[in-house]
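Assemble the complex: chain A is given as a structure, and chain B must be docked to it using the hints.
Letter by letter, the chains look like this.
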Amino acid sequence: MKKNLGSFVVGDSTKCTGCKACEVACFAVHSRQNNPVGKTVGTVTVPVTPKLYLTRFEQGCMPIQCKHCEDAPCLNVCTKGAISRIDNQVIVDPEKCIGCKDCMQACPFGAIALLPYAKDGKLAAQAMGETKVFASKCDLCAGVEGGPACVRVCPHQALRLVDPEAEAEEKKIKAAEALLMTKNWR
Amino acid sequence: MIVAIDQNLCTGCRECAEVCPAYAIVGEQGKPQTIDTSRCVMCGQCVQKCKSYVSILTHGKDAYEKVKKERNIPDCVQEPLFAAHAVCNIDKVNAALADPEKLTMVQCAPAVRVAIAEEFGADLGTLAPGKLAAALRKIGFDRVYDTNFPADVTIMEEGTELIKRVTQGGVLPMFTSCCPAWVKFMENTYPEIKDHLSSCKSPQQMGGAIFKTYGAELEGTDGSKVFSVSVMPCTCKEFECERPEMKDSGYRDVDVVMTTRDLAWLIKSKNIDWDALAEEEFDQPLGLYTGAGTIFGVTGGVMEAAIRTGYELITGQPIPDVEVTAVRGTEGFRVSHLKVGDLTLKVGVVTGLKNVVPVIEAMKAGQLDLHFIEVMTCPEGCVSGGGQPKLLMDTDRAEAYAARRKATFDHDKELPYRKSHENPAIKKIYDEFLKEPNGPIAHHLLHTKYCIK
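In order, the protein sequence lines correspond to chains A and B. Each residue of the first sequence is one higher than the one before, counting from 0 in numbering that gives the first Met the number 0. Each residue of the second sequence is one higher than the one before, counting from 0 in numbering that gives the first Met the number 0.
Among the clues, some could well be false.
Sample of chain B residues at the chain A side, in silico, Cβ under 8 Å [said to hold, decoys possible]:
{"id": "1", "residue": "14"}
{"id": "2", "residue": "117"}
{"id": "3", "residue": "123"}
{"id": "4", "residue": "263"}
No lab work stands behind these hints: they were computed from the structure. No residue lacks a Cβ here, since even glycine has one placed at the ideal position from N, Cα and C.
Chain A extracted, bound-state conformation (with noise of 0.2 Å):
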């Protein structure tokens, strides 16, 4: 089935203990594509910048990240184009964005920080000397072998890769096999 609708990451805080290794793992395998960040803490030389956030609330805590809306409005808003939409999934590119949190603001999920931009190993810099920022969210790990990575190391199976289309497609099944059975009562 061609894929329409872009997946996402959806997390439970029923399961959720908030430990954020989901953010370290993040974190790793992002820095690993343009750092040079090993398999061990020790091999890490910038700050930790991750793509999802833990968040706490009344009832517990669990991961917010981006839904990789249709409709995107922080592709919408960018106006420097750094923003775009590839295989359905909505991205970032550091290197156009400004930090001006034009994005930010229009994430109704507050799936998106502006965090320090880090390359080969050093924090890079504005045009005036200070530490760069981007907006850093979900990219559901475009380019990470073996898929996102915070699903990978939840201790808790706390986060699932959700694929809309497919999972409505199983419903549907579900919902044919059920009425199947009740053609007897009809």
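Positioned in the frame of chain A, the structure of chain B alone reads:
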């Protein structure tokens, strides 16, 4: 405190409580946790587990530098810092290095050489004894010795002790005493079985005691001039070296302990380019070691090393196969029966401290028929110690432990001597100084009493 949880950083997830073998982490879910020091064995598995890092978003821009300062971590460090952490003694090491009156002697544990390269981006389990020795020399230690040498001494002492207990009707089973977290747990929880513990000090403490006596003699000086540093995969080794009884030479055996992670920090803070280091040798004679010494770093290794020597001491014959694969493995409790001449030696290996409880209970109930039991607190022995490089993702753990284990056994295979009693430096130290295993000098310096309150 040697292992602590930062109240400002802890999210109260209690993942550390899941791995704590001593049930020492207390607190309500979702609230900062504290360590019950009366139970804690300082194994540092909580330090390995914790992912609650100092975050710009949660704690602010200045928090990172503040936490780094509080923990005495070198300025150059920029890696993530977490709520659960261990004490850092690099400042004490630097002070000793800068003191012209001190002769600094360093030793590093078997498991350090199979893990430290990971902190410089090498593959998990990269074997790097040569670079390790070179880095320590470059840092400025006067003598670059090795814990693998006193591990060989431990085999001579512990093997002899075991043979005496077996042949002369001593307390059996005998438990190994080289893991300080296990010793602490036994003292906390089962002091009534203390006579089952080998009287041997750990290799680290034997090393320290030897450095400040024989080592000082070799330099024409005395123990008061020697500053003894060890690099350990273990957070509990600092506790062990601070034990008041560990000063039989008249001086503290080991003055300060660094973990593998600490040493990586120290190397970075001295601007030493790890990748560019040419391999060097450890200093002689107290850095000459066998394969038996190096396998102390993995679960079953002390047992295997003891059997390699014990077999030959008992039978007077070479052991048919130097690799005692029967005691290898990673299961929490493994039992083997080994034919040693006319004797069937019954041995057990425990790894992961929680697994020792049913073993002790069985022993107390008279249902355990074994001569000798090795106990290591950490999941797969010292290669998985609390002071080892910490993984960013726990999904890499199995690979890391397997690679470090393999590197340890590979190193054993490539060494010219693989049995402790065949180490020429062992023969030399017994000839010149210790005289005989379990003899009066050895007993005074290398053995101790546990459960001293």
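Structure-based check of all given hints:
1. 14: holds (5 Å)
2. 117: The hint holds - residue 117(B) has a Cβ within 8 Å of chain A, the shortest such distance being about 5 Å.
3. 123: holds (6 Å)
4. 263: With a closest approach of 5 Å, the residue 263(B) hint holds.
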